[in-house]
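*Asks:* In order, the protein sequence lines correspond to chains P, U, X and D. Going by UniProt numbering, the first sequence opens with residue 1, and the numbers climb by one from there. Going by UniProt numbering, the second sequence opens with residue 1, and the numbers climb by one from there. Going by UniProt numbering, the third sequence opens with residue 1, and the numbers climb by one from there. Going by UniProt numbering, the fourth sequence opens with residue 1, and the numbers climb by one from there.
Rather than coming from a laboratory, the hints here were simulated on the basis of the structure. Even glycine gets a Cβ: it sits at the ideal position worked out from N, Cα and C. The reader is advised that the hints may include incorrect statements.
Stated by the list, open to error - Here are some of the chain X residues that sit facing chain D, going by a computed Cβ distance under 8 Å: (1) 23; (2) 27; (3) 151; (4) 154; (5) 155; (6) 183.
Unchecked claim - Chain D residues, not near chain X, derived (Cβ > 12 Å throughout): (7) 22; (8) 43; (9) 52; (10) 63; (11) 85; (12) 86; (13) 129; (14) 141; (15) 150; (16) 186.
Stated by the list, open to error - No farther apart than 20 Å at their CA atoms in a straight line, the calculated lysine to any residue pairs in the SDA-like style are these: (17) 164/X <-> 145/D; (18) 128/P <-> 158/U; (19) 114/P <-> 163/U.
There are 4 protein chains.
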Amino acid sequence: MENRRENILEAATDVFSKYGFYGAKMEDIAKKAGIGKGTIYGYFDSKESLFYEMIKHGIDEYEKGLDMALNIEGGLEQKLYALCKFHGKYLNRYIDISQVIMMEKEVLPKELMKEVVEEKAQLFNRMKKAVEEAIHTEELRKNLDSQLATIIIIGSIGQFYGQKICYEKIDHNSIEPKDLIDTIIEGLK
Amino acid sequence: MENRRENILEAATDVFSKYGFYGAKMEDIAKKAGIGKGTIYGYFDSKESLFYEMIKHGIDEYEKGLDMALNIEGGLEQKLYALCKFHGKYLNRYIDISQVIMMEKEVLPKELMKEVVEEKAQLFNRMKKAVEEAIHTEELRKNLDSQLATIIIIGSIGQFYGQKICYEKIDHNSIEPKDLIDTIIEGLK
Amino acid sequence: MENRRENILEAATDVFSKYGFYGAKMEDIAKKAGIGKGTIYGYFDSKESLFYEMIKHGIDEYEKGLDMALNIEGGLEQKLYALCKFHGKYLNRYIDISQVIMMEKEVLPKELMKEVVEEKAQLFNRMKKAVEEAIHTEELRKNLDSQLATIIIIGSIGQFYGQKICYEKIDHNSIEPKDLIDTIIEGLK
Amino acid sequence: MENRRENILEAATDVFSKYGFYGAKMEDIAKKAGIGKGTIYGYFDSKESLFYEMIKHGIDEYEKGLDMALNIEGGLEQKLYALCKFHGKYLNRYIDISQVIMMEKEVLPKELMKEVVEEKAQLFNRMKKAVEEAIHTEELRKNLDSQLATIIIIGSIGQFYGQKICYEKIDHNSIEPKDLIDTIIEGLK
DNA sequence: GATGAATGAGAGTTCATTCAT
DNA sequence: GATGAATGAACTCTCATTCAT
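Given only the sequences and the hints, what does the whole structure look like? Please build it.
*Replies:* Set out below in structure tokens:
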């Protein structure tokens, strides 16, 4: 049953997110998954290995969503809108894990750490490409530094959603990013 | 000797930052501080208490720096510049702790968590006030939503420094935020 | 299928010999026997029970071989020769088990332990009887203490084969006990 | 306190002897030593390492006793007598460990296994040298094969003491090897 | 006051055993 | 009857905390 593996990964995401690598107990993950603690070891070699696989799983999810968002038809505005919606959904699920990834540095095998960093760089570069395109189509102003513009866009969206979801505890479906996007684009056009 | 207490807090910052709450070992903190394991318990009640005090210590540092930055004479541009410089210095020291704070949620007593959140809200509000002042002096445009503008400013600065320090490993003294600030203000004026 | 039972006992002998009672895993025994883990429990109640039966199986084999060896026609020399040959063959198969028997004392039910000791005493006594017979037929000298003579014979043969098989790794078929037997009998006649 | 280390080794000898490597529990060893289970790890790295050190400890003891026995003044008879007395004392303490050594093959690092085998070979060779000397002084007969004679001597003594101590449960101080030695030498002279 | 040896609760992991298929 | 996925008791080992020195 491949579901069982998926099931454990979901439980692991929840528990690792909440307690971090060292704080998470295998027993809690098992309990969350509704199985015996020994069962996990039928699917993953160790706690470390489970952590590794969980993060890869999260990265894969982001990759998919990101591609979808940036490949929709339309201008930067439309793409940003889609990205925001996806980002909200993702954050809602992986809000904590994204921080765990950055934190438990010593736990992550270097290989995976590199994957994470590369993935982040890739996200940045895809966004930058979309920004450059928008500069080219004059949706944004000609003399704009695309690197800085991308930083502003990503930083603003991140801050916006982080604040809404983490602090204001607003449901991601109820967050309306239109005004934010308008203000950003207004400033960069 | 109050130095001894300070000394332990510094060591704790280093070690908790690197390994997280559960991963950090009291012995390592003691070694880092150059003292015996048992000595820590002369100054702090428990690991949890040490963690708590360490974070309060970090918050205090930020409070001080933030006040200094936002109270300098001049317009928003000058204040942002000072904030950036301070943020860089702070991030350099507390780069990991800021993530630990967000991560080891369950460890933090609710009381401290509230302090952290409130402190963040305060930072946000001080900045917002500075933004509103800038709107009033027409350094920024009249019809601007000050809430969104603050989000954009904080998010952009955070993203900018995070990228430079965490990924590009640039020394915080060498980071020049002028172009970023110009682009932000250009967009919001 | 009685073969299946025998099959498991053989596999158990191999695995228990190699790893001892606690070190042996039911899964390894099953794999060695070419069957599923659960199948063993169709033939034996538990690991302990399997261990018990395995040892009884080994004892039975020795009983049979011993009888055969000591009952052949001829003098002590011929009997000792046959015993040596059998001992070599047995040791080759049960080299480790004989030590496991003595070792995992706490595992063996007292009942079985008693059986093992009695069996050893019986071996000793049968040999002693053969020795006494040889004294009577004057194949050995009259004033010999049959108890000591038996100890010397059994000890020498055991040491001889133990050394050849365990340390010198000589195949039991290639071991020639004639000189040993001659020297022993020469000394006791 | 070096006593503490010694103390743990003694307890380990008892417990490993009784239950074998896998059957022995660290907690039991600690309890036997009258200390907490964590304390052991202050002196030994792991269960495996403790096992290793315990066996080396046993080997060292044998080395010492063996040297003493074979170096006393006098003929083979006197040396054998001293060896018997020492062997009895040693067996009494290490009766089970000697079997554990041979049994838990897979546990022992190859290095240690080699030490054990070499030590046994050394014992054999020292004895053989004493036998050859006795042949030279005509305490034993000229045409004797020294290898076989040594096997007979060692095997007989081993069997004699093994039987007395393991089966007949006779205290090693009450065992009188004179008759055995006389019979052996009588046969070999 | 400072220390670090000692402690033992609690973690990750293994594996004999069960039972639905 | 045979299987092997699932289980959880019991193992080894770690580390926050104590306390005699």
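*Asks:* So, for every hint listed, does it hold in this structure?
*Replies:* For each hint, the structure was consulted:
Against a cut-off of 8 Å between C-beta atoms, the interface hint on residue 23/X holds, since the closest Cβ of chain D lies about 4 Å away. For residue 27/X, the suggested interface contact is broken, since its CB lies about 15 Å from the closest CB of chain D, more than 8 Å. Because the closest C-beta pair between residue 151/X and chain D is about 5 Å apart, less than 8 Å, the hint holds. Taking 8 Å as the C-beta cut-off, the interface hint given for residue 154/X holds, the closest approach to chain D being about 6 Å.
The closest approach between the C-beta of residue 155/X and any C-beta of chain D is roughly 3 Å, which is under the 8 Å cut-off, so the hint is satisfied. Checking residue 183/X against chain D by beta carbon gives a least distance of about 5 Å; that is within 8 Å, so the hint holds. With a cut of 12 Å on Cβ distances, residue 22/D falls inside the contact zone with chain X, its closest approach being about 3 Å. At the 12 Å boundary, the C-beta of residue 43/D stays outside the reach of chain X, the nearest C-beta of that chain being 24 Å off.
At roughly 16 Å, the least C-beta separation between residue 52/D and chain X is larger than 12 Å, which holds for a residue marked as non-interface. Listed as outside the interface, residue 63/D is consistent with that label: its C-beta sits roughly 18 Å from the nearest C-beta of chain X, beyond the 12 Å cut-off. For residue 85/D, the non-interface assignment is confirmed: its Cβ lies about 17 Å from the closest Cβ of chain X, beyond the 12 Å cut-off. Interface exclusion of residue 86/D from chain X stands, the closest Cβ pair being 17 Å apart, more than 12 Å.
At the 12 Å boundary, the C-beta of residue 129/D stays outside the reach of chain X, the nearest C-beta of that chain being 17 Å off. Not every beta carbon of chain X lies more than 12 Å from that of residue 141/D, the smallest distance being close to 9 Å; the non-interface claim is violated. Listed as a non-interface residue, residue 150/D fails to keep its Cβ farther than 12 Å from every Cβ of chain X; the least gap is roughly 9 Å. Look at residue 186/D: its CB is around 7 Å from the nearest CB on chain X, not clear of 12 Å, so calling it non-interface is violated.
A hinted pair counts as satisfied when its Cα atoms are at most 20 Å apart, and residue 164/X with residue 145/D qualifies at roughly 16 Å. Of the supplied pair hints, the one linking residue 128/P and residue 158/U holds, its CA atoms being roughly 18 Å apart against a limit of 20 Å. Straight-line distance between C-alpha atoms of residue 114/P and residue 163/U comes to about 15 Å, which keeps the hinted pair within the 20 Å bound.
Checked against the numbered hints above, the structure breaks hints 2, 7, 14, 15 and 16 and satisfies the rest.
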